[in-house]
Amino acid sequence: MKIHIVSDLHREFGYNDINLNLADILVLAGDTDLGVKGISWPKSLSLDIPIIYVLGNMSIILL
-7 MKIHIVSDLH REFGYNDINL NLADILVLAG DTDLGVKGIS WPKSLSLDIP
43 IIYVLGNMSI ILL
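Numbered as in the working numbering, the sequence shown ends at 55 without a single skipped number.
Think of the hints as simulated: they come from the structure by calculation, not from any bench. Check each hint, because a few of them may be wrong.
[To be verified] Here are the in silico distance ranges between beta carbons for each label pair:
{"#": "1", "residue 1": "Leu14", "residue 2": "Asn49", "range": "27 to 33 Å"}
{"#": "2", "residue 1": "Leu26", "residue 2": "Met(-7)", "range": "29 to 35 Å"}
{"#": "3", "residue 1": "Phe5", "residue 2": "Leu37", "range": "16 to 22 Å"}
No residue lacks a Cβ here, since even glycine has one placed at the ideal position from N, Cα and C.
Make a model of the complete structure from these sequences and hints.
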């Protein structure tokens, strides 16, 4: 099983291209984007793998 773990993407500062082609599970470990954008972005990827989303300190403040 291949687990792809990424954190602190801070997409509010620009696009972060990540290759998820070989992942069996994606773990987004905090501070993906500001507020609800951090939740909507993974949904928009339309991945056919489980996504585990962990809120970061910036996500919690802006929700």
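Status of each hint after checking the structure:
Range check, Leu14 to Asn49: Cβ separation about 30 Å, and the 27 to 33 Å hint holds. Distance hint for Leu26 and Met(-7): a CB-CB separation of about 31 Å, consistent with the stated range 29 to 35 Å. Range check, Phe5 to Leu37: about 19 Å between beta-carbon atoms, so the 16 to 22 Å window is met.
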